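Asks: Spelled out from the first residue to the last, the chains are:
Protein chains: 2
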Amino acid sequence: MTNNILKFLFLLTIIHFTTIVKAQIDSDQQDKDAQYIKQIHNNILTEGMCYDWLTELTTDVGARLAGSEGSVKGVQFMEDLMNTLGFDKVWKQECKVNYWDRGDIEEVYLTYPKIQKLNALSLGNMIGTNGQLLEADILEVTSLDEVETLGNELVKGKIVFYNRPMDPTQIRTFNAYGGAVDQRVYGASKAAEYGAVAVLVRSMTTRQDDIPHTGTSVYAEGIKQIPAISISTNDANLLSDLLKKEKVRVSIRNNAKPMGERVSHSVIGEIKGSEFPNEIILVGGHLDSWDVGAGAHDDGAGCVHSLQVIKTLLDMGYQPKHTIRCVMFQNEENGLAGGREYARISNENGEYHLAALESDSGGFVPRGFSFDGHAEVLKPFYRHVSQWLPLLESYGLQFSTGGSGADISPLKSQKGLLIGLRPDSQRYFDYHHTDIDRIEAVNKRELELGAAAMTSLIYLIDKYGLK
Amino acid sequence: MTNNILKFLFLLTIIHFTTIVKAQIDSDQQDKDAQYIKQIHNNILTEGMCYDWLTELTTDVGARLAGSEGSVKGVQFMEDLMNTLGFDKVWKQECKVNYWDRGDIEEVYLTYPKIQKLNALSLGNMIGTNGQLLEADILEVTSLDEVETLGNELVKGKIVFYNRPMDPTQIRTFNAYGGAVDQRVYGASKAAEYGAVAVLVRSMTTRQDDIPHTGTSVYAEGIKQIPAISISTNDANLLSDLLKKEKVRVSIRNNAKPMGERVSHSVIGEIKGSEFPNEIILVGGHLDSWDVGAGAHDDGAGCVHSLQVIKTLLDMGYQPKHTIRCVMFQNEENGLAGGREYARISNENGEYHLAALESDSGGFVPRGFSFDGHAEVLKPFYRHVSQWLPLLESYGLQFSTGGSGADISPLKSQKGLLIGLRPDSQRYFDYHHTDIDRIEAVNKRELELGAAAMTSLIYLIDKYGLK
Chain A
186 MTNNILKFLF LLTIIHFTTI VKAQIDSDQQ DKDAQYIKQI HNNILTEGMC YDWLTELTTD
246 VGARLAGSEG SVKGVQFMED LMNTLGFDKV WKQECKVNYW DRGDIEEVYL TYPKIQKLNA
306 LSLGNMIGTN GQLLEADILE VTSLDEVETL GNELVKGKIV FYNRPMDPTQ IRTFNAYGGA
366 VDQRVYGASK AAEYGAVAVL VRSMTTRQDD IPHTGTSVYA EGIKQIPAIS ISTNDANLLS
426 DLLKKEKVRV SIRNNAKPMG ERVSHSVIGE IKGSEFPNEI ILVGGHLDSW DVGAGAHDDG
486 AGCVHSLQVI KTLLDMGYQP KHTIRCVMFQ NEENGLAGGR EYARISNENG EYHLAALESD
546 SGGFVPRGFS FDGHAEVLKP FYRHVSQWLP LLESYGLQFS TGGSGADISP LKSQKGLLIG
606 LRPDSQRYFD YHHTDIDRIE AVNKRELELG AAAMTSLIYL IDKYGLK
Chain B
186 MTNNILKFLF LLTIIHFTTI VKAQIDSDQQ DKDAQYIKQI HNNILTEGMC YDWLTELTTD
246 VGARLAGSEG SVKGVQFMED LMNTLGFDKV WKQECKVNYW DRGDIEEVYL TYPKIQKLNA
306 LSLGNMIGTN GQLLEADILE VTSLDEVETL GNELVKGKIV FYNRPMDPTQ IRTFNAYGGA
366 VDQRVYGASK AAEYGAVAVL VRSMTTRQDD IPHTGTSVYA EGIKQIPAIS ISTNDANLLS
426 DLLKKEKVRV SIRNNAKPMG ERVSHSVIGE IKGSEFPNEI ILVGGHLDSW DVGAGAHDDG
486 AGCVHSLQVI KTLLDMGYQP KHTIRCVMFQ NEENGLAGGR EYARISNENG EYHLAALESD
546 SGGFVPRGFS FDGHAEVLKP FYRHVSQWLP LLESYGLQFS TGGSGADISP LKSQKGLLIG
606 LRPDSQRYFD YHHTDIDRIE AVNKRELELG AAAMTSLIYL IDKYGLK
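Residue numbers (this note's numbering), protein chains in the order written: chain A, 186 to 652; chain B, 186 to 652.
Chain A with its partners taken away, still in its complex shape (with noise of 0.2 Å):
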């Protein structure tokens, strides 16, 4: 053989040898992330402690519309539960958000053909009508254009029913929500513009039932604003069989306004990191909710997943190499202010986040992760997810591409991991938005999975880091 062979062959073999010990490290740690991963899930499974602090805050607290006394309450319940719970520093930061008020009057009455009451609820930032009837004839549309195409002479002084349903052939039920829901944000100011008198819309869920849900709705600039209210899918339906046949007239007569602003707060604990404290890994949820029910999918979830993470990590004596950073967001269901500020001020501030996992899909059993971010972030991600996925796909887990959470949208400039965690959504928009989100809705074992899979994430994000 030539000594160029020699050398070839002798190569090989080193690399072959680095290859087989590499694999082998690799190896080991895959088994101890595993065992790390379930010990994790063993102590949220036995000790956790996100069902109970659900039960408080949705019984205790109950609704926490931002700026309502509810949110007081709710923000000072957080403060004082996240003190308890080890971190470093626990704050509030201030916010400034528009409070909506309900009211105390909501009827919407079928008037002609016949009389019924229908069940029904004022849609968030909208006007009312001071309290007195407003009746009309109904014009049934299924989309903002049709509106435009019936245009002034058919718009004008009638009550538009925004009546296409959440598409239930969507196997996700947020694709549903997305693809019907311009209707209820936008659908007031469509009509308005065409001189409608007020909007009636089909509440945003694949049920037949008779819950109105409620939900943001905005007015746009220069547009007179009419009152806007949602009505069931039983009643949307009622509407629609009746328009069949005959015209249908409604009277409306409710008190909802707009307040004007008011200040609220984020609330945020921080436990600073050992070897990169200058980056961080954001976990959170929003603590305010609509002003029914009492927001337990939304997202008093995802608040105590978030918190159920830093407990578990400081049970377990695990030390972050990263500054984690829990956030209870403010006002993400009508403004967004508190994630607005808190990414105006983490960029004043010259902050880095390098990761953050928000939680605002409800506490269903969870299915994996939705994943954005800049491309010189994913890349890397890539892989680590090729070595992290045989890590979370024994307990269900997936990784997709896709959006993270309204509140976390704000740090997209600052070039980190944005992540979402996805829950399954079957049951999702049975609650969203409505009387009946509260304790109830929520499974005590599917909640903890929840937070089994986030903290499982963190740790491996925070272990390895993103690089």
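For the record, the hints were derived by calculation from the structure and aren't laboratory data. Remember, predicted model here, so these are calculated numbers, not experimental data. Honestly, I wouldn't trust all of these hints.
For identical chains, the list gives no copy identity; a pair is met inside one copy or between any two copies.
[Unchecked claim] The calculated lysine-lysine pairs, modelled on DSBU-like cross-linking and capped at a C-alpha distance of 35 Å, are: (1) K432 x K281; (2) K597 x K430; (3) K258 x K652; (4) K648 x K564; (5) K652 x K277.
Put chain B on the given structure of chain A with help from the hints.
Replies: For chain B alone, kept in the frame of chain A given last:
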């Protein structure tokens, strides 16, 4: 170039070309199958009848313990319904079941150190106290082995209290059930062997609540028969806490009893296969339930899942190549008479079941299928799975080895493929064998997605076979 090299290159080109053509066909076929499976989902999520059928079965008929009046109504309901669905043939198959009656007295009281009524349910197939008061000291154990270890001296005259909880750290709750249910099934005879006068069994659930869970229990031959009653997990914890401090006494009064053999029926519908009429693909669940609640998840869900498979395939104009048989088995809960008799008659008639798919794990969101069978059917099935998985995993479905279903397990000797639907298991044991297993516990979309998953798999098996 030599002739040989030319030949070689020519051959290479052919192989390559064939591979490309084959891949193209496969890819076209995959696209068509993906579209068909999407249509199946669309059909069921928009026009599915399974939830309506389950509502009728659980409210008009209600509980359906084999041999009870309810089960007679259930058989009639099912035969009538199946006669409307377009089967070539619907028939009842007789089986002999051992009917058990809960009786009209069922009381368990803590009598010392304080008096408190406990939430209790007599266990299936067990005798009661004949309406007489039976009072004794409690002896807590966590296993059948512990009864043996404690022996006659400590066990004699006592009420043995089996209190080993289901392991909450099992991610799949069926594994936790499997690890605890020996106490309920065999606990009475084991305790009687050492002179116990009765047994109490901690309910089979990971929840902490006041709801007792019944279930089957069996007496060993030649051992004295004693009463056996389940108590809620909250009450089990209460007894256990009290026992840490002092002796605890409990009184039992019930009049449950085995009532002897009765004639009952499974209900079967069949569509003859166009190409392989002698190869049967079975889809089924069990029609009987326990005598409390309404058997919504267990196993009304499995029955309506199976009917929906047939309805959807027929609605879509699908012509099955194999004979498709839909079987509503009788008496899964406390005897398996229907499943055994079905297999006996099938074997007697020289039938061959290519595949059998049972749904008996609830109407929750489907996570995939588990499968079982002899090596000669599993080997080609693995190859098919590699083709089918990409079609199903976008619906969150996976394949795993494991059990299939109790009713179809007697068919194993026919050497076909046995498959079980695997819905998410987190909430199953909240309802299993309880008074709250009613339609309110079932989510329409989750139920429908289970039916769509089953229809998709039956379609693939029928279209491609299992060779």
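Asks: Each of the hints needs a verdict: does it hold here or not?
Replies: Right, here's what the structure says about each hint:
no.: 1; hint: K432 x K281; verdict: neither (45 Å within a copy, 61 Å between copies)
no.: 2; hint: K597 x K430; verdict: neither (51 Å within a copy, 58 Å between copies)
no.: 3; hint: K258 x K652; verdict: neither (41 Å within a copy, 65 Å between copies)
no.: 4; hint: K648 x K564; verdict: within (18 Å within a copy, 41 Å between copies)
no.: 5; hint: K652 x K277; verdict: within (32 Å within a copy, 65 Å between copies)
Hint compliance for this structure: hints 1, 2, 3 are broken, all remaining hints hold.
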